[in-house]
Amino acid sequence: SQTIHQWPATLVQPVGSPLSLECTVEGTSNPNLYWYRQAAGRGLQLLFYSVGIGQISSEVPQNLSASRPQDRQFILSSKKLLLSDSGFYLCAWSGTGVYEQYFGPGTRLTVT
Amino acid sequence: KQEVTQIPAALSVPEGENLVLNCSFTDSAIYNLQWFRQDPGKGLTSLLLIQSSQREQTSGRLNASLDKSSGRSTLYIAASQPGDSATYLCAAYSGGSNYKLTFGKGTLLTVNP
Numbered sequence: 018s019q020t021i022h023q024w025p026a027t028l029v030q031p032v033g034s035p036l037s038l039e040c041t042v043e044g045t046s047n048p049n050l051y052w053y054r055q056a057a058g059r060g061l062q063l064l065f066y067s068v069g070i071g072q073i074s075s076e077v078p079q080n081l082s083a084s085r086p087q088d089r090q091f092i093l094s095s096k097k098l099l100l101s102d103s104g105f106y107l108c109a110w111s112g113t114g115v116y117e118q119y120f121g122p123g124t125r126l127t128v129t
Numbered sequence: 026k027q028e029v030t031q032i033p034a035a036l037s038v039p040e041g042e043n044l045v046l047n048c049s050f051t052d053s054a055i056y057n058l059q060w061f062r063q064d065p066g067k068g069l070t071s072l073l074l075i076q077s078s079q080r081e082q083t084s085g086r087l088n089a090s091l092d093k094s095s096g097r098s099t100l101y102i103a104a105s106q107p108g109d110s111a112t113y114l115c116a117a118y119s120g121g122s123n124y125k126l127t128f129g130k131g132t133l134l135t136v137n138p
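If you're matching them up, the sequences are chains A and B in order. Take the first sequence: its letter number 17 is residue 34 in our numbering, and every next letter is one higher. Take the second sequence: its letter number 28 is residue 53 in our numbering, and every next letter is one higher.
Note that these hints are calculated values from the structure, not bench results. Do not take every clue at face value.
Not everything, but these chain B residues come out facing chain A in the computed CB check (under 10 Å) [what the hints assert, rightly or not]: (1) 59; (2) 70; (3) 71; (4) 80; (5) 118; (6) 125; (7) 131.
These numbers were taken from a predicted model, which means no experiment stands behind them. Yeah, the Cβ is synthetic: ideal placement off N, Cα and C, and Gly gets one too.
All chains should be built: construct the whole structure from the sequences, respecting the hints.
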């Protein structure tokens, strides 16, 4: 069966510090991968998606970037965090040509 | 641009009651609609996926329906239990190579024992 992992589970970082969140998927190959952000009082916002290694598309211009160094690894990064980057970050995957998405446990990021 | 709305934002019911959660979307040209459950501080759990060619899907006590012409989907929960308490989210996929899901803001369900 497929599983999706995210770490860390929680993170508190000062403004201006770098960020690296990691997501890995097990039990499948060549998944589509997604990063979402869920802010308080707002719906989920798609940040990045990837259909293959090194293929990243950005949905929203922002202070963040994403990379996919391996087939089942997706990384969300920032060089300098802003207060507005605080939120709950969720990674998701879907099969190629399959629309159902499955989510990881999330990372709670607080920028102070 | 697809917009998804969920009403009510919060719902409180006594245990054992049957209930319906509503989801509406503005663009009827959707490929599918997915219902999720989210517990506090947790990720999303997929409950049901309805493809555009289907009218409903069932899983245990859950039944989801899709009416593209009216731009509506409903999630029916039978014989509710306290363990059903969570936020329920619906999301629509409207096509395109980005596989983007457009989410509603969710309905917070509380089932009281």
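Violated constraints from the hint list, given by number and in increasing order: Failing hint: just 4.
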